[in-house]
Amino acid sequence: MLSEEYLVQQAVNGDQGAFTQLYNQNFDRIYRYIYVKVRNQTEAEDLTQDVFIKALESIGSYKWRNLPFAAWLFKIAHNRVIDHVRKVSKEKRASLDEAYAKSVEDPVQMTERNFEVYQLKEALEQLPGAQREVATLRFIGQLSIAEVAKTLGKSEGTVKALQFNATVSLRKALYGKLDG
Amino acid sequence: MARKLDDIFNECYERIRSGESLESCLMRYPEHRAELEPLLRTAFDIGRRTSYIQPRPEFKHWSRVRLEGAQHYAGQQRQPAKPSLFSWRQSWAVAVTAVLVLLLTGGSTVAASSNALPDEPLYQVKLATEQVRFAFAISDASKAELHTRLAENRALEIEAMTDQGKTEYAVIAAEKLANQLEQANLAMSKVESVRGEAAPSTTTPETTVTEPVPSAPPSQPGEVTEEQPTPTEGQPTPPTATTQDKGVTAKTEHFKKSLEKSTSKSLTALENALEKAPPQAKPNLQRAINIISERSHEKPPNENGTGGWGNGDKHEDKDGGKNGADSNGKKEDKPTPVTPEPSQPTTQNEDKTGNGGIYPFHRQSSQ
Chain A
1 MLSEEYLVQQ
11 AVNGDQGAFT
21 QLYNQNFDRI
31 YRYIYVKVRN
41 QTEAEDLTQD
51 VFIKALESIG
61 SYKWRNLPFA
71 AWLFKIAHNR
81 VIDHVRKVSK
91 EKRASLDEAY
101 AKSVEDPVQM
111 TERNFEVYQL
121 KEALEQLPGA
131 QREVATLRFI
141 GQLSIAEVAK
151 TLGKSEGTVK
161 ALQFNATVSL
171 RKALYGKLDG
Chain B
1 MARKLDDIFN
11 ECYERIRSGE
21 SLESCLMRYP
31 EHRAELEPLL
41 RTAFDIGRRT
51 SYIQPRPEFK
61 HWSRVRLEGA
71 QHYAGQQRQP
81 AKPSLFSWRQ
91 SWAVAVTAVL
101 VLLLTGGSTV
111 AASSNALPDE
121 PLYQVKLATE
131 QVRFAFAISD
141 ASKAELHTRL
151 AENRALEIEA
161 MTDQGKTEYA
171 VIAAEKLANQ
181 LEQANLAMSK
191 VESVRGEAAP
201 STTTPETTVT
211 EPVPSAPPSQ
221 PGEVTEEQPT
231 PTEGQPTPPT
241 ATTQDKGVTA
251 KTEHFKKSLE
261 KSTSKSLTAL
271 ENALEKAPPQ
281 AKPNLQRAIN
291 IISERSHEKP
301 PNENGTGGWG
311 NGDKHEDKDG
321 GKNGADSNGK
331 KEDKPTPVTP
341 EPSQPTTQNE
351 DKTGNGGIYP
361 FHRQSSQ
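First to last, the sequence lines map onto chains A and B. When the count follows the working numbering, it moves up by one through the first sequence with no breaks and lands on 180 for the last residue. When the count follows the working numbering, it moves up by one through the second sequence with no breaks and lands on 367 for the last residue.
Treat the hints as calculated values from the structure; they're not laboratory data. Heads up, the beta-carbon is just placed ideally off N, CA and C, and yes, glycines get one too. Some hints could be false.
What the hints assert, rightly or not - A partial selection of chain B residues facing chain A, derived with a Cβ cut-off under 10 Å:
1. Arg15
2. Arg17
3. Glu20
4. Glu23
5. Ser24
6. Leu26
7. Tyr29
8. Glu31
9. Thr42
10. Ile53
11. Lys60
12. His72
13. Lys176
14. Lys246
As the list claims (entries may be wrong) - Chain A stretches covered by chain B per the calculated footprint, using a threshold of three residues with CB under 8 Å from any CB of chain B:
15. 5-14
16. 52-58
17. 113-126
18. 160-173
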């Protein structure tokens, strides 16, 4: 498998295949990250597409500085989400998504999954901002500790502490207890 | 000095992600077992829940088609070896993509898509071709006109979908209509502000609009700086309005009327559908009605103060975790839609997401 650095370099040099490969590797997790943040499928789709268009536009000036490509994408995604959230009021952010909850073979299973995702989003909402950002990048974006640290401009130790505290809080929010 | 628990937790999380079993990892740290186990289960349960969030396959497909079109265009632009290879506008990228769609699918497909409804496969082609039209709408007036026409399309779609009882698709079209209304208002406000500036007796300050620059550093990809022109409230309209001014005014008035008509038509359709809809569909319809009502009445958005990297938490915290609360402070959001892989079992021990979203434990209700 080609190293990410090589792929990125190829993409920077205009290799369309390399960029497509990076796109394929990161599309789903960028979508999930945005979806959990904006809580609306249509908006998540628009923003996800926007992130990759921005990435394509900017990749010519991308410099490999040991910052993983995914972290760079998440930065773009983060900024797009912030812009979007600032623009759209809370009420307008209220989900219209149930419209999509139809592509199910088993409605019971679908409802159960929907509810679990809903619970997760609610639990994330309750976290302090820094914990939420780390938990989202780490558990949903699947970035490594080092990548999260670089993305957020924090030390790895700080990120580990935030990750731990976020997990404790999420456990409380999801299951209502700390142990067992 | 003893290792910190957060460090041990992270080590175990990484080990399990790499394939080690939970039990094996816990045996390394028996003194922390009681604390570690539930937290590790929680971390992987989050991964499991996250794996249910999947982009719609058709969205993924069209997104890639658009991006490949954009890449193709960028490749062509690269030929003359200009210094700013990627400084093309997004709208052009979309335009070229849609042309690509045209070439790939044939003109008849695009033509056939012009009347496609949101529940039809060609609807995505219709949306793509609409984007092409935006690429060629250079002036604010032409943008306003186009948004107005597309709002008419959305209104027709809402009517058709509610007539057919497909409220979920009506809601999708309603969301898009809300966006058209906002964009149309914005374009018209720009048209009017330019007209105001040109008027001889007004002293409106110069308007500077810096659109999101495609080649801007990624740290601030959506930055928008706009000095909104100060409205000249209380000042009389210049007595010697030019013929051109009158023409612009007539046009914007026409657009406004058309938008009102589209809004009214859509709201009527949605309200009728709301009356007949089953209880589970009502919240969505109500929200769709609300969002269209709000957008139709609101003033054009001020694009100042868009976010930069690193300060988003402060903003988001303003919600206090109460997003989606209604006027009574009560949460109204329902389980949000996800489009899971149909074949994906609820309980799984493997990553089916393709990006490491693993959940290595069997689901336990006792969590």
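Now the hints, each set against the structure:
With its C-beta approaching chain A no nearer than about 13 Å, B/Arg15 sits outside the 10 Å limit, and its interface hint is violated. Interface restraint check for B/Arg17: the shortest CB-CB distance to chain A comes to about 9 Å, inside 10 Å, so the restraint holds. Checking B/Glu20 against chain A by beta carbon gives a least distance of about 16 Å; that is not within 10 Å, so the hint is violated. Annotation: B/Glu23 was flagged as interfacial toward chain A, and the flag is violated, the nearest CB pair being 17 Å apart, outside 10 Å.
A least Cβ separation of about 20 Å between B/Ser24 and chain A goes past the 10 Å threshold, and the interface hint is therefore violated. For B/Leu26, the shortest C-beta to C-beta distance to chain A is roughly 14 Å, which exceeds 10 Å, and the interface hint is violated. Interface restraint check for B/Tyr29: the shortest CB-CB distance to chain A comes to about 14 Å, outside 10 Å, so the restraint is violated. Among the interface hints, the one on B/Glu31 is violated; its C-beta lies about 15 Å from the nearest C-beta in chain A, farther than the 10 Å criterion.
The interface hint given for B/Thr42 is met, as the beta carbon of that residue sits about 4 Å from the closest beta carbon of chain A, less than 10 Å. For B/Ile53, the shortest C-beta to C-beta distance to chain A is roughly 5 Å, which falls under 10 Å, so the interface hint holds. For B/Lys60, the shortest C-beta to C-beta distance to chain A is roughly 7 Å, which falls under 10 Å, so the interface hint holds. The closest approach between the C-beta of B/His72 and any C-beta of chain A is roughly 7 Å, which is under the 10 Å cut-off, so the hint is satisfied.
With a cut of 10 Å, the hint placing B/Lys176 at the interface with chain A holds, because the nearest CB-to-CB distance is about 8 Å. Because the smallest distance between the Cβ of B/Lys246 and any Cβ of chain A comes to about 34 Å, over 10 Å, the interface hint for this residue is violated. With 1 residues bearing a CB less than 8 Å from a CB of chain B, the stretch 5-14 of chain A misses the requirement of three and the coverage assertion fails. Only residues whose C-beta sits within less than 8 Å of a C-beta in chain B count toward coverage, and the stretch 52-58 of chain A has 7 of them, enough to reach three; the restraint holds.
As drawn, the stretch 113-126 of chain A meets chain B at 12 residues by the rule of a beta-carbon pair under 8 Å; at three or more, the given contact holds. Coverage of a stretch by a chain is defined here by at least three residues with a beta carbon nearer than 8 Å to that chain's beta carbons; for the stretch 160-173 of chain A and chain B the count is 9, and the condition holds.
Comparing the model with each earlier hint shows violations of hints 1, 3, 4, 5, 6, 7, 8, 14 and 15; every other hint is respected.
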